[in-house]
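S.K.: If you want the building blocks of each chain, they are given just below.
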Amino acid sequence: MSDDVLARSRRITRRTFGISALAALGFALGRAWPSLFPATGLDALAGLPDAAALTALGARPDAAALSDVEARLDAKLGDGYAAAIAADRASGKVLAVDGWQVPETQLLAAAYLAKR
Amino acid sequence: MFIDARSLSDGDSLSADIAIVGAGPAGITLARALQGTGLKVALLESGGLEWTEEAADLGAGEVGAQRYGTLDTVRLRYFGGTTGHWGGWCRELDPIDFEPRDHVPYSGWPINKADLAAYYPKAQTILQLGPARYDDFAGVAAEAKAGAPIQPGGDMETVLFEFSPPIRMGDVYRAEIEMGDTACYLNATVTDIRLDDALTSATALTVSRDGGAPLTLTARQVVIACGGLSNPQLLLNCDSQVRGGLGNARDQVGRYFAEHPIVDGFGALFALTPATAAPFAWRDTMVGKQRFRPVFQPSDAARRAKSRLSCLITIAEPGPKFDPAKGAFEWWDGRHGSQEAATALARSIAAYRPDAAPFHIHALNAGFETRPNPDSRVTLIGDRDRFGARRIKLDWQLSHDDLDDYLANLDDLSRQVLAAGTGVMRIAPDARARFKAETVWGHHHMGTTRMGADPATSVCDGDGRVHGLANLWVAGSSLFTTPGAANPTLTIVALALRLADRLKQEMGA
Chain A
1 MSDDVLARSR
11 RITRRTFGIS
21 ALAALGFALG
31 RAWPSLFPAT
41 GLDALAGLPD
51 AAALTALGAR
61 PDAAALSDVE
71 ARLDAKLGDG
81 YAAAIAADRA
91 SGKVLAVDGW
101 QVPETQLLAA
111 AYLAKR
Chain B
1 MFIDARSLSD
11 GDSLSADIAI
21 VGAGPAGITL
31 ARALQGTGLK
41 VALLESGGLE
51 WTEEAADLGA
61 GEVGAQRYGT
71 LDTVRLRYFG
81 GTTGHWGGWC
91 RELDPIDFEP
101 RDHVPYSGWP
111 INKADLAAYY
121 PKAQTILQLG
131 PARYDDFAGV
141 AAEAKAGAPI
151 QPGGDMETVL
161 FEFSPPIRMG
171 DVYRAEIEMG
181 DTACYLNATV
191 TDIRLDDALT
201 SATALTVSRD
211 GGAPLTLTAR
221 QVVIACGGLS
231 NPQLLLNCDS
241 QVRGGLGNAR
251 DQVGRYFAEH
261 PIVDGFGALF
271 ALTPATAAPF
281 AWRDTMVGKQ
291 RFRPVFQPSD
301 AARRAKSRLS
311 CLITIAEPGP
321 KFDPAKGAFE
331 WWDGRHGSQE
341 AATALARSIA
351 AYRPDAAPFH
361 IHALNAGFET
371 RPNPDSRVTL
381 IGDRDRFGAR
391 RIKLDWQLSH
401 DDLDDYLANL
411 DDLSRQVLAA
421 GTGVMRIAPD
431 ARARFKAETV
441 WGHHHMGTTR
451 MGADPATSVC
461 DGDGRVHGLA
471 NLWVAGSSLF
481 TTPGAANPTL
491 TIVALALRLA
501 DRLKQEMGA
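As given, the protein sequences belong to chains A and B, one line each in that order.
Each residue of the first sequence is one higher than the one before, starting from 1 at the first, in my numbering.
Each residue of the second sequence is one higher than the one before, starting from 1 at the first, in my numbering.
FYI, nobody ran anything at the bench for these hints, they're computed from the structure.
There's no promise every hint is true.
As the list claims (entries may be wrong) - In silico SDA-like pairs for lysine to any residue, Cα to Cα no more than 20 Å straight-line:
| no. | chain 1 | residue 1 | chain 2 | residue 2 |
| --- | --- | --- | --- | --- |
| 1 | A | LYS115 | B | GLU340 |
| 2 | B | LYS113 | B | PRO131 |
| 3 | B | LYS321 | B | GLY421 |
| 4 | A | LYS93 | B | ALA420 |
| 5 | A | LYS93 | B | ALA419 |
| 6 | B | LYS289 | B | GLY87 |
| 7 | B | LYS393 | B | GLN151 |
| 8 | B | LYS306 | A | SER91 |
| 9 | B | LYS326 | B | ASP355 |
| 10 | A | LYS93 | B | GLN151 |
| 11 | B | LYS40 | B | ALA213 |
| 12 | A | LYS93 | B | LYS289 |
| 13 | B | LYS122 | B | ASP94 |
| 14 | A | LYS93 | B | LYS436 |
| 15 | A | LYS93 | B | PRO429 |
| 16 | A | LYS93 | B | ALA132 |
| 17 | B | LYS436 | B | HIS400 |
| 18 | B | LYS40 | B | ASP17 |
| 19 | B | LYS504 | B | TYR120 |
| 20 | B | LYS40 | B | MET1 |
| 21 | B | LYS326 | A | PRO49 |
| 22 | B | LYS306 | A | GLY92 |
| 23 | A | LYS93 | B | ALA408 |
| 24 | B | LYS122 | B | ALA132 |
| 25 | B | LYS326 | A | ARG10 |
| 26 | A | LYS93 | B | LYS504 |
| 27 | B | LYS40 | B | GLU506 |
| 28 | A | LYS93 | B | LEU407 |
| 29 | A | LYS93 | B | GLY153 |
| 30 | A | LYS93 | B | ASP412 |
| 31 | A | LYS93 | A | ARG72 |
| 32 | A | LYS93 | B | GLY421 |
| 33 | B | LYS289 | B | ALA138 |
| 34 | B | LYS326 | A | ALA52 |
| 35 | B | LYS289 | B | PRO165 |
| 36 | A | LYS93 | B | ARG502 |
| 37 | A | LYS93 | B | GLU506 |
| 38 | B | LYS321 | B | ARG353 |
| 39 | B | LYS289 | B | ARG168 |
Modelling step: build the complete structure from the supplied sequences, incorporating the hints.
M.R.: Structure, rendered in structure tokens:
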């Protein structure tokens with residue numbers, strides 16, 4: 001094998017492993033992204049532990065009838081979902097779904113998830 | 001002593017310093033309070049020592065459009081009166097209950113709570129209660145190691161009922177009346193009250209009985225203590241000398257009939273831990289021998305600031321159970337709306353619970369205060385009983401305005417429960433539609449001979465004396481100017497004790 005052939009082979013090997021390493025690093029970063037940079041907006045709602053239950057709740061007629069859901073949620077989620085719920089509890093901001101009086105943020109989130 | 005009026009001879013002459021018509025909680029309390037004073041007291045009971053169909057029939061009547069119990073069962077006509085089916089719930093009225101309030105038409109008793117301050121403690125003893133602790137939830141809860149689903153200081157607060165055993169006054173005080181100096185006439189139905197020629201004083205009672213001619217009992221003072229339906233019935237029937245009946249010159253007798261509407265399940269609570277609800281519901285809170293039931297009511301400040309009527313809300317025993325492991329309710333109660341909605345909500349709640357313990361929905365039940373309504377009333381009908389007295393029709397009027405106050409109180413409670421993190425509440429969206437069909441009653445007959453300073457809107461003065469009649473008095477919950485939210489028996493007894501002192505004063509005893 002000539003020197004040219006050997007050098008070319010090494011270049012191909014380095015390039016291949018480099019691309020793989022970059023891909024692996026990218027994949028790892030992608031998986032870790034939510035914890036490295038926690039979402040505080042609407043995108044985070046789908047990851048809530050009760051997202052499925054909220055989606056069912058949001059399909060109820062009185063939740064489905066809510067208007068300006070995204071804008072209202074955006075305004076409330078600045079410090080995250082849990083903080084918004086706590087603020088609603090403390091201030092008595094509630095919305096009713098089939099008569100159940102739940103924190104405003106909870107029902108807005110339910111309506112949002114049901115409409116996605 | 002007991003005397004069966006049926007055993008007396010026609011023409012027997014009966015007399016008393018004070019005649020008390022009716023041996024229920026008010027009449028027995030009065031008679032006991034007057035024993036040993038030297039006054040000759042006659043206590044006249046339409047029934048006997050036990051319930052009989054013949055006596056009960058005298059209480060039959062008609063009910064108007066609003067559903068109510070049959071009138072021969074909601075009042076008991078025998079010695080002991082309605083304590084014979086009493087549940088024992090006791091609580092004092094609040095100071096605000098006596099006050100005139102702009103948002104409550106015809107409100108304002110001619111007395112205030114301080115006027116009963118000396119009598120409520122004695123009433124506690126008579127009803128076999130402990131020291132009054134109705135507004136000491138914190139102290140009772142600490143002693144009983146009980147929790148509460150709301151924090152103190154909010155618009156809704158936690159207060160207490162205390163339960164009487166409950167005593168049946170006909171049993172508990174029978175021996176005392178039998179051995180005492182009261183002449184208790186049984187099977188003695190008063191059908192007329194005779195007045196003097198000036199029509200300003202009562203002079204005698206016509207006492208009807210089976211098996212003999214009516215008797216006449218002369219008396220210097222007459223007290224009507226037959227209950228909130230029978231008091232107006234008697235006054236209205238006494239029309240042999242005064243058209244329209246006694247005390248009825250302004251057409252006020254029988255008006256303002258008030259009850260405590262009892263509504264079950266218009267509210268509901270997801271109690272997140274058993275401790276949230278247990279002391280309130282199926283387990284009473286015991287402190288020594290005193291048995292308490294915590295309830296929610298609007299605070300004095302909230303009632304004033306929000307122009308709100310009162311209510312007393314209880315938490316019912318555990319209802320539908322949600323099992324997080326199965327993600328479903330084991331059964332369902334249609335009063336709480338859609339099972340699907342509740343299931344979704346329950347799953348949402350369960351997702352944040354560190355344990356997987358099941359939790360329950362509890363119905364919230366309540367009796368609430370109503371605004372006095374002159375069109376809610378007792379009137380005479382053409383049908384007569386076997387002694388010739390006209391029977392009554394009860395036309396109970398319910399108001400959605402009063403319901404709205406209750407729903408607003410529920411709303412306040414809901415926010416406080418949510419803030420405390422102890423549960424989630426439901427307020428039935430169809431409560432207004434269900435109200436008149438589903439409401440039941442507390443057997444609390446109030447307001448029909450109400451006290452007041454103005455004879456144009458009342459029947460009795462602040463002492464219970466019928467306007468315009470010097471020696472005719474009324475005892476019992478028919479005197480209540482406004483009903484408050486508390487069950488009436490404790491206040492009935494306190495008012496009767498106060499009247500006893502007034503009569504002693506009147507008689508110089």
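S.K.: Please go over all the hints and tell whether each is borne out by the structure.
M.R.: Hint check results:
1. LYS115/A - GLU340/B: Roughly 18 Å separates the two Cα atoms, so the pair holds.
2. LYS113/B - PRO131/B: Given that 20 Å is the threshold and the Cα spacing comes to 17 Å, the pair holds.
3. LYS321/B - GLY421/B: Holds. LYS321/B to GLY421/B sits at ~19 Å (cutoff 20 Å).
4. LYS93/A - ALA420/B: Judged against 20 Å, a Cα distance of about 14 Å means the pair holds.
5. LYS93/A - ALA419/B: holds, 10 Å
6. LYS289/B - GLY87/B: Within the cut-off at roughly 17 Å; holds.
7. LYS393/B - GLN151/B: Answer violated: LYS393/B to GLN151/B is near 45 Å, above 20 Å.
8. LYS306/B - SER91/A: holds, 18 Å
9. LYS326/B - ASP355/B: Cα-Cα ~14 Å, so holds.
10. LYS93/A - GLN151/B: holds, 18 Å
11. LYS40/B - ALA213/B: Between LYS40/B and ALA213/B the Cα gap is close to 24 Å, so the pair fails against 20 Å, i.e. violated.
12. LYS93/A - LYS289/B: violated, 42 Å
13. LYS122/B - ASP94/B: Holds - the C-alpha atoms of ASP94/B and LYS122/B are around 17 Å apart, at most 20 Å.
14. LYS93/A - LYS436/B: violated, 30 Å
15. LYS93/A - PRO429/B: Holds. LYS93/A to PRO429/B sits at ~18 Å (cutoff 20 Å).
16. LYS93/A - ALA132/B: violated, 37 Å
17. LYS436/B - HIS400/B: Roughly 9 Å between the alpha carbons, so the hint for LYS436/B and HIS400/B holds.
18. LYS40/B - ASP17/B: holds, 5 Å
19. LYS504/B - TYR120/B: Status holds; Cα separation ~19 Å.
20. LYS40/B - MET1/B: holds, 12 Å
21. LYS326/B - PRO49/A: Distance ~16 Å between LYS326/B and PRO49/A Cα, so the pair holds.
22. LYS306/B - GLY92/A: holds, 17 Å
23. LYS93/A - ALA408/B: holds, 15 Å
24. LYS122/B - ALA132/B: Distance ~10 Å between LYS122/B and ALA132/B Cα, so the pair holds.
25. LYS326/B - ARG10/A: Answer violated: LYS326/B to ARG10/A is near 59 Å, above 20 Å.
26. LYS93/A - LYS504/B: violated, 58 Å
27. LYS40/B - GLU506/B: Holds, because 14 Å separates the two Cα atoms, which is no more than 20 Å.
28. LYS93/A - LEU407/B: At roughly 17 Å apart (the allowed maximum being 20 Å), LEU407/B and LYS93/A satisfy the hint.
29. LYS93/A - GLY153/B: holds, 19 Å
30. LYS93/A - ASP412/B: Distance ~11 Å between LYS93/A and ASP412/B Cα, so the pair holds.
31. LYS93/A - ARG72/A: holds, 13 Å
32. LYS93/A - GLY421/B: holds, 14 Å
33. LYS289/B - ALA138/B: Between LYS289/B and ALA138/B the Cα gap is close to 18 Å, so the pair holds against 20 Å.
34. LYS326/B - ALA52/A: At roughly 15 Å apart (the allowed maximum being 20 Å), ALA52/A and LYS326/B satisfy the hint.
35. LYS289/B - PRO165/B: holds, 10 Å
36. LYS93/A - ARG502/B: Violated - the C-alpha atoms of ARG502/B and LYS93/A are around 53 Å apart, more than 20 Å.
37. LYS93/A - GLU506/B: It is violated: about 59 Å lies between the C-alpha atoms, which goes past 20 Å.
38. LYS321/B - ARG353/B: holds, 16 Å
39. LYS289/B - ARG168/B: Holds, because 18 Å separates the two Cα atoms, which is no more than 20 Å.
Consistency with the previously given hints fails for numbers 7, 11, 12, 14, 16, 25, 26, 36 and 37, ordered from lowest to highest.
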